[in-house]
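Under my numbering, read the sequence shown as residues 2 to 628, first letter to last.
It cannot be assumed that every hint is accurate.
[Unchecked claim] The following label-pair restraints were derived from C-beta to C-beta distances:
1. L66 <-> E254: 27 to 37 Å
2. G14 <-> E269: 34 to 44 Å
3. E423 <-> R209: 51 to 61 Å
4. K100 <-> G39: 50 to 60 Å
Simulated from the structure, these hints should not be mistaken for lab results.
Built from N, CA and C at the ideal position, the CB exists for glycine as well.
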Amino acid sequence: MLLQVKSAEFRYGDVTIFKDVNLEVNYGENIGLVGANGAGKSTLLSCLAEEQHLFCGEIYKKSGLTLGYLRQNADFRSDRTLFDELMSVFDSQTQLLEKLNDTSKKMSEVHFDSQEYRALADKYHRLSVEADVQEAYLSEVKVKTVLNGMGMSQFRDRVVSTLSGGEKTKAALCKMLLQRPELMILDEPTNHLDYKTLDWLETFLSDRKSTLIVVSHDRYFLDKLCTNIWEVSHQRISCYRGNYTKYKQLKEEKEENQRRQYEKQQKEIAKLTDYISRNKVRASTADMAKSREKTLQKMQLVEAPQSEEKPPRFKFSCTCEPSEFPLTVNNLTLGYDGKKLLENVSFQLKRGQKMALLGLNGVGKSTLIRRIAQQNPYDLGKIIFGKNVQMGYYDQENINLQGNLRVLDQLWFDNTRMSQTEVRSLLASVNLGADDVYKSVASLSGGERAKLGIAMIMAKDCNLLLLDEPTNHLDLPSREALERALQNYSGTVLFVSHDRYFVNSVATVIAEMADCHITLHDGNYDDFVGRSLQATQQNVAGKPVSQTNYRTPKQRAEQTNRNRRIKELEKTITDLENQIADLENSLTDSKVIADYRKVQEVVQQTEEYKRQLDSATAQWEKLLEEQ
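Could you put the whole structure together from the sequences, leaning on the hints where they help?
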């Protein structure tokens with residue numbers, strides 16, 4: 002056991018966040034922490050990391066436990082470059098290699114038959130063994146692997162303090178992954194990571210069999226990694242074995258069982274109470290009534306099922322049918338500040354399709370969807386809307402909301418045909434109730450603003466929806482409600498989302514944005530990953546899918562050659578590392594040590610292999626960045 006919580010309680014003033022909490026964390030467990038926004042998930046993590054103190058209760062940790070804690074918005078400070086900061090994790094290994102090289106140099110300067118030489122050879126052997134155990138030669142490779150996997154290679158020479166808030170959080174996560182503490186506590190590590198980075202992170206954590214406690218709204222992440230789910234609700238924490246999908250099943254079964262037991266007991270209580278009240282005053286039945294009264298007093302009451310806040314009721318109407326292709330993009334080129342995002346891109350969105358724009362961060366997904374929504378006359382002939390198209394647009398920044406307005410007025414002014422009763426009813430359906438309608442828009446939380454933005458679209462009769470990160474700030478029940486609404490929506494949808502579970506549930510077509518082009522793949526996210534992603538990465542033709550923009554034959558050939566070269570370099574790096582280890586081990590052989598010239602040859606060959614290793618690693622890193 003790594004950590005144990007006993008009878009824990011935490012309060013903010015008179016407000017109790019959680020109480021009577023008893024938890025255990027064992028080696029190898031990956032625990033997902035779920036609950037509504039504001040339930041206390043981040044507070045619990047902060048207490049486990051001892052950054053906040055419990056009101057009462059105890060937290061016990063294994064002696065010598067190494068613990069890493071990543072906050073939602075990590076304020077990572079350092080005056081070093083990102084690469085140097087991450088390399089500092091391996092300072093002891095770097096110093097070990099310096100000692101090894103220094104010893105090797107001294108060995109070449111003394112007579113091989115001297116006492117000093119034998120002492121140096123013995124030291125060199127001990128240092129070599131220690132370097133192998135600590136994987137000292139792999140320090141730079143590890144740093145470059147994590148930087149590349151987390152999509153941070155382009156920032157390696159940037160001073161950490163100059164990074165943006167999101168980049169600092171990713172940099173802090175990179176450092177923790179390299180440190181490999183026994184227990185990692187991660188608060189929303191998946192925020193704003195693109196699908197490739199998320200997949201890499203999941204694989205990295207799975208391969209290293211880490212022990213972690215994580216808050217995440219990414220259900221794919223929770224399903225792939227978690228062995229346990231902790232749910233924070235009604236000031237209590239309930240524990241479930243299994244991943245997120247299993248948790249949903251077990252929770253439903255538990256609530257149904259509790260409801261039945263409660264109803265059965267209430268019927269029994271009512272029956273006993275009725276009997277007691279009718280027979281207590283009669284002499285012939287008074288003793289039996291008292292007996293039932295004692296039974297009632299001794300009865301261990303089943304707790305009444307606590308009602309959860311109902312999720313929003315999202316619903317999008319679509320009464321006017323557009324033409325067969327509500328949206329056509331024709332030879333569109335897109336860019337800003339001299340950076341080209343798309344070049345001569347063409348695709349069509351068919352009536353009823355739900356297309357997800359997928360791609361790495363910064364490829365232009367939000368820029369494209371915003372450009373389409375603007376309906377700029379400049380794009381006439383490039384962005385073509387079909388007949389009878391009525392468009393609704395959700396912007397992740399909610400730029401259409403005016404902070405100085407009240408919630409009620411924001412929706413009403415945009416839909417004057419609606420009565421106040423209809424406006425209030427619509428707001429209530431998205432869980433913006435009587436206490437919220439008179440709030441200023443500026444005072445709303447991120448989740449409340451998102452619900453208001455979605456309500457603005459619901460108020461209109463739209464047959465084409467453009468949605469830019471609609472799940473940002475929504476808790477899991479709200480995301481699931483939005484999924485159901487879009488699944489039941491008969492109109493056409495073009496959307497961007499980092500939530501792979503959401504993409505999988507809603508999308509019927511995946512539009513992959515990469516290298517200034519768009520490639521279309523029929524099916525949802527699972528289909529894309531299982532059938533298309535690997536083929537796209539390797540530029541190998543697979544099963545025919547609906548595609549409109551392909552890379553040129555020259556580009557495909559270049560990518561194929563690049564992938565082949567990467568595999569060759571990976572084999573070369575492994576071979577060189579093994580050869581270096583063999584040469585260093587040979588210096589422990591008495592026959593080699595006795596031959597001064599042989600030792601010189603071994604040392605020189607080792608240095609040559611190290612130079613080749615550095616060169617191969619540099620080429621490998623460069624090719625990965627060009628992917």
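Verification of the supplied hints:
1. L66 <-> E254: 27 to 37 Å: holds (35 Å)
2. G14 <-> E269: 34 to 44 Å: For E269 against G14, whose Cβ atoms are near 41 Å apart, the range 34 to 44 Å holds.
3. E423 <-> R209: 51 to 61 Å: Once the Cβ atoms are compared, 55 Å apart, the range 51 to 61 Å for R209 and E423 holds.
4. K100 <-> G39: 50 to 60 Å: holds (53 Å)
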